[in-house]
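Undergrad: What follows is the residue order along each chain.
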Amino acid sequence: MTADLPGNGAAPARLSLADPRLESLLAHPSIWRAGSAVRAPVWPSGFARLDECLPGGGWPRSGLIEIIPARFGQGELRLLLPALAAITARDEARWCAWVAPPLQPFAPALAAAGVVLTKLLLVRAPQRGRRSSVLWACEQALGSGACDSVLAWTRHAPARQLRRVHLAAQRGNALGVLFRARESAREASPAMLRIVLESRAGGVRVTLLKSRGGVRGAFDLSWASQRNRPSGSP
Amino acid sequence: MSAPRTLDLFAPAALPARRTSPARAVVVPQTTQRGARASDAPLWLGIHVAALVAEAAGTVPQTLQALARRAQRFSPRITLAPPDGLLLEVRSSLHLFGGLEGLRRAMAEECAQLTPAVSLAFAPTPLAALAGARTSGSFVVLTAAQLTGSLAPVPLTALRWPPELIARLACLGVRTIGQALRLPRAGFAQRFGAARLADLDRLMGRASDPRACYEPPARFRRRRELSYESTNLTLLEAALRPLLEALGRFLAARQCGVLALECRLWHRNAPPTGCVLRLGAPLADTQRLAQLLGERLRTLRLPEPVRACELRAGVPVSRVLHSAGLWQPGEQGGLAAGSDLDLLERLRARLGAEALETLALVPDHRPEAAWRVVAPQADASTRPARQAERTVPLFGGAVRPLWLLPAPRLLRQRGGLPRYRGALRLEGEPERIETGWWDGRDIARDYYSACDVYGRRLWLFREREPPHRWFLQGVYG
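In order, the protein sequence lines correspond to chains A and B. All residue numbers for the first sequence refer to our numbering, where the first residue is 1 and numbers rise by one. All residue numbers for the second sequence refer to our numbering, where the first residue is 1 and numbers rise by one.
Chain B on its own, in the form it takes in the complex (with noise of 0.2 Å):
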């Protein structure tokens, strides 16, 4: 995973060159320099992570960006302190949680289930939030005017310096945050930089301190090693419900669905066996993905044991949200929303996409056009039938068989007389059908009915050109 997307302002590599311009555009404004009401100014809630790492520079941890996942639920405006902090602007949230209290608890659950050893702090700039966070558990401060007098025996080292910077500050007899806030600002920028002077208006809330918003990633992609191989699907099944709840998770956050899925699974040497899940509809429900995805790996043939899987989503797309139905499936009027999209996306999971079909009428007097096969929809057996879809075609008072078989099967013939598993008794007058030219499928054929041995009614043509041959077309049924 890259680190999150950034406008090129706020990018990493531009960092330094806003530092050194200390005249630039405020993107977020401080509120409190405005002087507006406590109750609107930011809070920050900064997490810091004692077990986490940087694998690389420049990289996010995976368990920090599982973390601002997961910190969605808490709040819109989420930012990344690479590699152990993570901060989140909790003022409009705080009553959803019943105030702070429940927040932090509700928050530190939210940690504890991906990683021990959290602490979190309360501050209203975000630099005095990690700082806080870094130093002890408990560092709340909810007001601008509080904050000069929580910070001062804050130590230094809470703000990530370089070392050399703390150990002359040390000299100085300056080891805490309050030490350096009384040094005179004109000299304290002369000797530590600018840069570190910019750093303490941050602090304190002086100066603006624009981040850049965490963005989650677009599309689903997880990837999960088997502790065992295995063949058995329903330990499959069971090894990729955690991929499916992650999915389901990702899906309710955005309010999407999706309308592929992508299932892979790994093997030792012979190439990842594929399997993709397409779906009528978007989908969010984790349970009946679970299911659909279950009747598709069921069809799969492994040509080994499976040791990693992997679950890949399409683009997420907004669904329509629609309440569930009143009465249960076979209850009095109880057809189930969606039952019989239910059913479609069941059935196609298991027998292929391509194994449900409807039929339609084509105006044409010739069978084999007469008639085309389209895709269902699903609605189309709730919907009451238009008028259109209720025409009659007529033959002009002839009967047309109910069967007709793939392609017409060319007849064995005995003096002129067709035969199909013994003699057929034609019956009733011939019926022509001829032309096609249009569409270069000319035919020229004389449709007979006959009776087999077995009193089975059959549709029959014999060609009008030489060599006359018979061919059956169709089953009365």
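Chain A extracted, bound-state conformation (with noise of 0.2 Å):
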């Protein structure tokens, strides 16, 4: 990531990457950096593995990221669970909406990982004109600036009206995660971060597909490793 400089060895005033100069001419705000998302305020994803990978190091604050996971049920809720405690907790926080959950979400298990039920929003779509209704709703959620984070479950999300949830998010400064089926992880997105997931035994194995400003690759993560697991988490 620092080493990115091209042909510094052939500029006539030598420049070296630890010239303080250097610093100083990048931090001039119309230079952009392939990093500069690191600037972007984030919530820590509550795992150490994870935040070292993500992009400023942790879950954006605001922006749609997709996670992919082989099937559901494989650890995609866990893994945002210790992010969503810290969310829902703070003071000043606002709903954390649900929109089209596959299953019944299971009250005490969430309460028991540390997310406050009260701020907790779910939206059942109807399943008459559902397709639509879901993205519909999840933009509305995003956009109307009274939530901190939406997650979604949908099989059905064109690009282009990604795209419109993906600015809702950034206009109501809050967090869109869509959960969607593995099928779909071949399909371009306008998501900040998309993530596959495959189940590993006693964790997970994180692929990033795309990571703006971040790294790509895939790595192994361990429930074990989250830090201040409350007692009860799962």
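Calculated directly from the structure, the hints in this document are not laboratory data. All the given hints hold, so there is nothing to weed out.
Only part of the chain A face toward chain B is listed, based on derived beta-carbon distances under 7 Å:
{"hint": "1", "residue": "Q74"}
{"hint": "2", "residue": "A107"}
{"hint": "3", "residue": "P108"}
{"hint": "4", "residue": "A109"}
{"hint": "5", "residue": "L117"}
{"hint": "6", "residue": "P126"}
Some residues of chain B that are not near chain A, with every Cβ distance over 10 Å (derived):
{"hint": "7", "residue": "A145"}
{"hint": "8", "residue": "G280"}
{"hint": "9", "residue": "I433"}
Beta carbons are placed, not taken as given, at the ideal position from N, Cα and C, and that holds for glycine.
Make the complex out of the two chains shown on their own, each in a separate frame, by following the hints.
TA: What follows is the structure, encoded as structure tokens:
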């Protein structure tokens, strides 16, 4: 990340990377570097290994991210849970909306993990017009400024609508998390971060498909490595 | 619409009896009789609408009612004089409109939006204001002292007395109000009736002239015929906009909001399509109402093109007025006041009232009974969580799944072991959850965690009673 200045050996006035003048040059606001998303505020994910790999050291506070588990229930919610607990437990917390969850979220387990239930807003999508209403509700919730985070489960997500959702998230200063099916990993998406999850014993294998301003790659994450685990958490 | 409600004493049916008994209770004292200062004396604005005629005896034309509604911003004391007259007591509102001329101009503009050919007159008594408006457009009398002189040339026809009476007076050479006033009182009463003399007394302010105040309808209800038949929602929304704006004015005049709004769409053959919008808090903002109603309309299925639409509002509810936030949403600390309520209402309008819920804990050991669904509170997202809401349930060190199936799902077995899309590998020690006799939902189960072939962790139980069936109840997620 730091040694990405091309041709620094050939420049007549030689600048070494340790030169303080270089730092002051690069601090100019009109210079955009690949790692500048680093400056955006983040929510710590609660996993040290994950924080190292995510741009900025955590989940972005505003914008859309995608989590693509190989199958539903392979740890995608658990990966997010420490961050959700931290987000909802703040005094100034706003809603944490769950749009069209596929099963019933089990309140005692969520509370045991530290999630404040009164900040949780479950949005059920009607059977009729479900495909369009999930992303619509997502966009409304993200753009309203009344939510800190919006989690949505959908299979149908055209890139154009996702772009709208992403812009709404930035407008409302909220984190949008979309849980998508495995097939969609090949589709284009405007999300800032796309993560594919696969089960591993006692943890999960995280593959960063896309990571704006961060690194790509795969690594294993153990559930046991979670920081400050509440006693009753899964 | 019915005629404005009045006290029985002043009901139209009670009028003849009232006229025959001159010694009646004075309800609205004329301050001229008390010799008060001229600036306190009432000043009536009479409005005469030439184009109006009574459709039927005893009814008030729609235009006059609309005019009365609009006139409410000029004065709290408004009296209808059907079929074509309206009276406003404007002394106390003169200074709000920059004097007489400003008020006249504002009122004329207001009238011009509804009907052409309107004449306005100012006078200290209601009858004089009406008579003045009927005869000319520039009748302005500010004090009672000038009244006699100004009314003298006004023809008697302006008083709307019966034609044969006017004809009889004309035979005597009496054609103007001034001439009628010069006749001896006793003889006038004997010849033409005490009621006519009382009319003249009220006209001149010598007798009080109590009038029933106009009371606007309590609920909003308006219908609009469309000039075209259409199923196009955008056109429908455009057609509803004037109705919503009228509703906005209706609510703004009362400083109220509505909690429920019904929109009915009429078709040629099919029964009307109804669509009810329910709100979490009283709302009066026309734009937001239009937005919410639009979302609601989008969920409708129209059997036929719409030919008319009607808007009916529920009872107006007084609402808490609050100032808008300084920051725009998304700015630093900029959470616009009520943006969470706004969100809830928008989602409800499109997805249905029951689409939104939050969860709460119930102190119970059975998984199905340990939580319940509650309706979201609008302020919950901005209010810090109370300590009680942060309580963490303890399962004695056991771990619970994040997802629960709507109902336990029966699993197939092979050799006494459960299967779910392949073999399941049971993990760890079973946990026994039992009893529930107090509400009839008794359970006796041994719970296991299991890992399926895809590496997902599931939450299963085995019934303790024979036939020892296996069920899937949760997913760890």
